[in-house]
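**Q** Position chain X with the ligand against the provided structure of chain P, taking the given hints into account.
Letter by letter, the chains look like this.
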Amino acid sequence: MSKPGQYPEALHHIIACFSRLPGIGRRTAERLAIAIMSWPEEHLADFGTALCELRQRVHPCAICGNFTETPTCAICQDETRQRGLLCVVEHASQVMALENSACFHGLYHVLGGKLSPLSGKGPDDLRLAELQERLRQQPITELIIATSPDVEGEATAHFIANMLADLPITISRIAAGVPVGSDLNFADAATLAMALQGRRQID
Amino acid sequence: MNCFIGRNGQGKTNLLEAVYYLSLLRSFRTSRLADLISWKKNGFVLSGQARDSAGRPVDLAVSQGLERKLLINHNPVYRASDFINQFVCVTFIPQDLELIQGDALLRRRFMDIAISQSSPGFLRHLQAYGNALKSRNAMLRNLDKYPRTMITAYDCQMIREGIAVELARKEFARDINQSLEEKSVSLLTAERRLEVRYLSRLSNLLQCSDDDPDQLEATYRQGLEKSYERDCRYGYTAIGPHRADLSCILDGNLLNRYGSQGECRIASLALRFACLDIIRRRRGDDDVTLIVDDVFGELDAFHRRHFFAELTHGSQVLLACTAIPPELGRPDRLYNVSAGTLSSPQEKHEEE
Ligand SMILES: [Zn+2]
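From first to last, the protein sequence lines are chains P and X. This note's numbering puts the first residue of the first sequence at 1, with every later residue one more than the last. This note's numbering puts the first residue of the second sequence at 1001, with every later residue one more than the last.
Next up, chain P with everything else stripped away, as it sits in the complex (with noise of 0.2 Å):
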């Protein structure tokens, strides 16, 4: 039973959940929610069955963190990568930008997140152990740090780069051709891959 004035329980339930989406106010939420409504029934049903299988299908790729529905991605598997070269980023929808701007060809890693007292993140809630692992492993030579230019994204390339100094691989960061405050999920290719050229090496 629903109130006047109020959307039924099972609508209320679908604006509910919209509303916990980055950047969508009550409003919003509410429009979607009304659209949704008029979907015919297969669409309704694919969406459902597409959200219930996501985390079932997409998961972090086993050595670099990117997205991927096999055991490693479709980048650590392609041979024709620049093995030695490894760029690191905080998310993997990152890893994307960077893919689109075709400027990059050596290999990722994903932080899963900046160090970030402000929201609880120190070094353990970061892929930071597995890369260390991966620098062992692999003959990387280069990493080129690509986290955001604000405080925690710089001081995240810091603590990044003292914690590998003493392993005999070339350290730089990301260039400001990215403009302070925005992140690589918005920036166009042309400055990525001017950010990813002027690079510079972190003292």
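Source of the hints: derived by calculation from the structure; they are not laboratory data. These numbers were taken from a predicted model, which means no experiment stands behind them. Positions of the beta carbon are idealized from the N, C-alpha and C atoms, including for glycine.
Simulated restraints, written as ranges between beta carbons of each label pair:
| # | chain 1 | residue 1 | chain 2 | residue 2 | range |
| --- | --- | --- | --- | --- | --- |
| 1 | P | ILE36 | X | ASP1287 | 47 to 57 Å |
| 2 | P | ALA45 | X | TYR1234 | 56 to 66 Å |
| 3 | P | ARG27 | X | SER1038 | 14 to 24 Å |
| 4 | X | ARG1051 | P | GLY23 | 27 to 37 Å |
**A** Chain X with the ligand alone, transformed into the frame defined by chain P:
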């Protein structure tokens, strides 16, 4: 010169506050959002038209409900730093007395607002510093989770941003003194000498590093190193621009300790004028909106005359008072404010 006349409690200050809010997204009266919202309301909407330095109109709008929305010329803007300072305001308000007599926090805020109004890059450094500091303190309070190496990594950011903030504030203090001296703001009679001094342990430390960036960083790092154990004990960073103060000195004496109420009032006005001078010079633009809320009530006729003479030097002035003081002369436009509404303006008639 626009004059708003009305009895107390009729909404004059609210009007000035609204203009200020469109410029800086903050109030000069309160830092609590709830204080800005009418009783039993959920938010407010504010809009206005300013002119940019080329004289083009800029439409500004803020709506504050559950979240804040900002519009410039009807286009959404997502960061406060992109919205503020479309036009620049300098205030002369009763609370300015606190600049001299109140907490150091108010003087740091005074410096930071004035610098961000005159130097576009400053706000970013200030915000980044604040973020690095908060992060560092959070780590100091949870040393089981955060290793020293992570604190060190944050220190690098804090040092870089801290130096930028510190140098900008020192330069600002220098400029204030230069302005006070050169313009010898006529509010202060010639034989009185007002100056400010930027006080900070960090600046004392950095003094010996003669502005070589690497040297500055190294000295700052040593300072943090030295107080690290103490910082851990207190869960708080002891050194940095967040601990600074700006002391005001009249004829060699600390004003907050030895100044009379009248001297403090005049000094606070003189600081605002110096600030205005700096903002104009750095922006290369005289167009600053002056917000004046009944600060001249306690001045004598001599100081009042000089205050109005300084005010009318080429800016848009929004002045609120209960009655027009004789020293002001006739304002260009006069509005009556009553029960939150504004009368239509009475224009000044050219008599000569
Ligand atoms: Zn992979």
